[in-house]
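Student: Okay, here's what each chain looks like letter by letter:
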Amino acid sequence: MTAAALLEVRDVHRDFGGVHALSGVTLQVARGRITGMIGPNGSGKTTLFQVVSGIDRGATGQVFLDGEPILGLRPSQIYQRGLARTFQLSRVFPQLTVLENLMVAGHRHDRAVRERAIGLLEKVGLREYSAVAGSDLSYGQQRLVEFLRVLMSDPALILLDEPAAGVNPTLRNTLWDMVRHLNGQGTTFFVIEHDMGVIADLCDDVYVLSEGQVIAHGDFETVRGNDTVLAAYFGKTAAHRGTEND
Amino acid sequence: MSLKSIAPGIVLALLAVAAPAMASDYQLLFLLQLLMMIALAQSWNLISGMTGYVSLGHTAFFGVGAYAGALLLQWGFPWWLAIFKGAGIALLVAAPLGVLTLRLRGPYFAIAMLGLNEIGRLVATLWVDLTQGGDGIPLSPARLPTLLQNYYTMLTLAVLATSLIAWVRYNRLGLELRAIREDEEAAEMVGVNTTRNKVIAFALSAVIPGAAGAVYAFYTSYIDPVSVFAPALNIQMIVMVLLGGSGTVWGPVIGAVLVRTLHELTWAQFPALHLALLGVLIVAIVLFLPKGILSLAPWRRRVRPDRAPGSP
Numbered sequence: 021m022t023a024a025a026l027l028e029v030r031d032v033h034r035d036f037g038g039v040h041a042l043s044g045v046t047l048q049v050a051r052g053r054i055t056g057m058i059g060p061n062g063s064g065k066t067t068l069f070q071v072v073s074g075i076d077r078g079a080t081g082q083v084f085l086d087g088e089p090i091l092g093l094r095p096s097q098i099y100q101r102g103l104a105r106t107f108q109l110s111r112v113f114p115q116l117t118v119l120e121n122l123m124v125a126g127h128r129h130d131r132a133v134r135e136r137a138i139g140l141l142e143k144v145g146l147r148e149y150s151a152v153a154g155s156d157l158s159y160g161q162q163r164l165v166e167f168l169r170v171l172m173s174d175p176a177l178i179l180l181d182e183p184a185a186g187v188n189p190t191l192r193n194t195l196w197d198m199v200r201h202l203n204g205q206g207t208t209f210f211v212i213e214h215d216m217g218v219i220a221d222l223c224d225d226v227y228v229l230s231e232g233q234v235i236a237h238g239d240f241e242t243v244r245g246n247d248t249v250l251a252a253y254f255g256k257t258a259a260h261r262g263t264e265n266d
Numbered sequence: 094m095s096l097k098s099i100a101p102g103i104v105l106a107l108l109a110v111a112a113p114a115m116a117s118d119y120q121l122l123f124l125l126q127l128l129m130m131i132a133l134a135q136s137w138n139l140i141s142g143m144t145g146y147v148s149l150g151h152t153a154f155f156g157v158g159a160y161a162g163a164l165l166l167q168w169g170f171p172w173w174l175a176i177f178k179g180a181g182i183a184l185l186v187a188a189p190l191g192v193l194t195l196r197l198r199g200p201y202f203a204i205a206m207l208g209l210n211e212i213g214r215l216v217a218t219l220w221v222d223l224t225q226g227g228d229g230i231p232l233s234p235a236r237l238p239t240l241l242q243n244y245y246t247m248l249t250l251a252v253l254a255t256s257l258i259a260w261v262r263y264n265r266l267g268l269e270l271r272a273i274r275e276d277e278e279a280a281e282m283v284g285v286n287t288t289r290n291k292v293i294a295f296a297l298s299a300v301i302p303g304a305a306g307a308v309y310a311f312y313t314s315y316i317d318p319v320s321v322f323a324p325a326l327n328i329q330m331i332v333m334v335l336l337g338g339s340g341t342v343w344g345p346v347i348g349a350v351l352v353r354t355l356h357e358l359t360w361a362q363f364p365a366l367h368l369a370l371l372g373v374l375i376v377a378i379v380l381f382l383p384k385g386i387l388s389l390a391p392w393r394r395r396v397r398p399d400r401a402p403g404s405p
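Chains as they are written, first to last, in the working numbering: chain A, 21 to 266; chain B, 94 to 405.
No lab work stands behind these hints: they were computed from the structure.
Check before you lean on any hint, since a few could be wrong.
[What the hints assert, rightly or not] Here are some chain A residues the structure puts well away from chain B; computed CB gaps all over 12 Å:
no. : residue
1   : Asn61
2   : Gly92
3   : Glu231
4   : Gly245
[To be verified] Listed next, with one range per pair, are the computed distances between beta-carbon atoms:
no. : chain 1 : residue 1 : chain 2 : residue 2 : range
5   : A       : Leu109    : B       : Ala112    : 44 to 54 Å
6   : A       : Gly81     : B       : Leu223    : 45 to 55 Å
7   : A       : Thr46     : B       : Leu197    : 35 to 45 Å
Every residue gets a Cβ at the ideal spot worked out from N, C-alpha and C, and that includes glycine.
Assemble the whole structure, with the sequences as input and the hints as a guide.
Tutor: This is how it looks when you write it as structure tokens:
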């Protein structure tokens with residue numbers, strides 16, 4: 021593991037029956053940077069997040085967080101070690117209030133945690149919704165609350181699984197601004213996103229997954245011109261034509 | 094919790110303390126049974142209302158407590174110590190069982206608990222040397238507490254069970270239990286140790302039924318496997334909690350008062366009909382009041398947000 025890597029995934033495999041969802045994935049997320057992960061639908065991106073965050077404990081291989089092995093640990097143990105994540109679809113606690121949604125992610129139940137939660141809500145203009153049930157928020161607001169929830173423990177690494185999907189442009193900008201701000205303060209991000217504009221604008225480097233394998237890695241400009249990547253997204257013929265046109 | 098929110102409970106408890114001075118023995122027995130159902134409903138509320146893990150066999154702990162209390166009394170222990178030990182034995186049974194069964198989710202957990210109650214009933218029926226099997230255990234009146242002592246003991250259990258729910262509800266444990274109910278995986282992902290919390294809730298939820306089972310054995314002065322490992326008793330707990338409001342502090346109290354009063358008004362005149370009424374009540378709750386009576390209270394109406402800035 022290189023000194024700069026906060027998260028290292030080594031030769032991780034995950035099979036579901038005869039389907040190889042992950043086939044020897046190896047990658048590193050550098051400390052203090054924003055790393056993107058792209059790939060066609062079904063390429064294994066979310067499965068990798070499930071494995072790394074401990075929700076799926078059926079994988080083989082090795083995963084290190086800050087040099088410590090975490091594969092096989094419970095999600096709550098991994099969270100305590102400084103890794104937090106959001107889900108592909110919003111997972112706010114629907115019957116808990118917005119404030120409770122945040123407070124449950126604090127390690128304690130005291131005034132300091134409450135004030136931190138209120139402070140975070142204030143930053144994004146949701147303080148007045150503290151007493152509102154999670155299910156009564158709009159979808160975009162729910163995604164934002166889910167994002168704020170992972171900030172409650174000041175995690176070193178945050179995994180975001182398509183955080184802006186289904187979110188209106190205003191809230192989306194709020195979200196990405198917060199990501200940039202937190203990254204500036206040292207928080208590391210590992211982001212799955214389909215919006216290539218966001219990936220290009222936000223990420224320092226990008227991994228491309230296809231059929232459970234890393235097929236490319238580098239900065240966005242490098243991977244966007246990669247033939248293997250184009251083939252994975254558009255098929256071999258289209259990729260070839262695209263290369264010719266260039 | 095503010096003083097204002099617990100004031101109704103204090104008034105109710107004081108009324109219950111004063112009730113024996115005004116009530117006949119028959120009325121006192123009714124109140125005793127009502128208090129027992131409040132205690133049992135609150136216990137079910139702690140595990141099932143808070144976490145969403147529906148237990149169909151919580152009467153197993155009631156049965157264990159009833160047999161423990163009856164046997165200990167027969168073996169010469171004072172009645173109050175038999176109640177403590179009945180609660181303790183229920184706790185000792187529940188803790189390891191919780192570790193095993195709470196790995197199951199949804200209907201699997203519910204069925205496992207139903208099976209546990211059946212196992213309890215079978216053990217009580219077949220272990221004749223200890224339990225006198227289907228003949229049951231008659232208790233000698235000379236060693237039994239008086240009706241008044243049973244009443245105040247049950248009142249204490251009902252108050253303890255309600256206080257426990259209130260304490261849990263407004264503390265970190267309650268918040269985490271409710272998060273488990275909403276989305277266990279997401280709760281685990283924000284650092285909630287779901288297994289530990291569920292086992293704590295499950296073990297605590299067995300203590301009060303254990304003690305209540307022992308008091309039940311004393312005031313009826315006779316127990317048998319069918320009467321204490323009764324699935325119908327479990328159904329009543331569920332109906333009371335759902336009717337009043339699952340996961341709330343006062344819902345089970347309201348539900349218990351309504352169901353027991355309805356039962357009392359109908360059972361003597363319509364012995365078959367009162368069970369049918371219970372069935373109708375279950376259907377009505379599911380259809381019209383899925384969140385219980387307390388959800389109708391104006392101060393519990395959910396705040397509906399206006400659109401947030403930038404919201405579509």
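Student: Against the structure shown, which of the earlier numbered hints fail to hold, in ascending order?
Tutor: Hint check: nothing fails, all pass.
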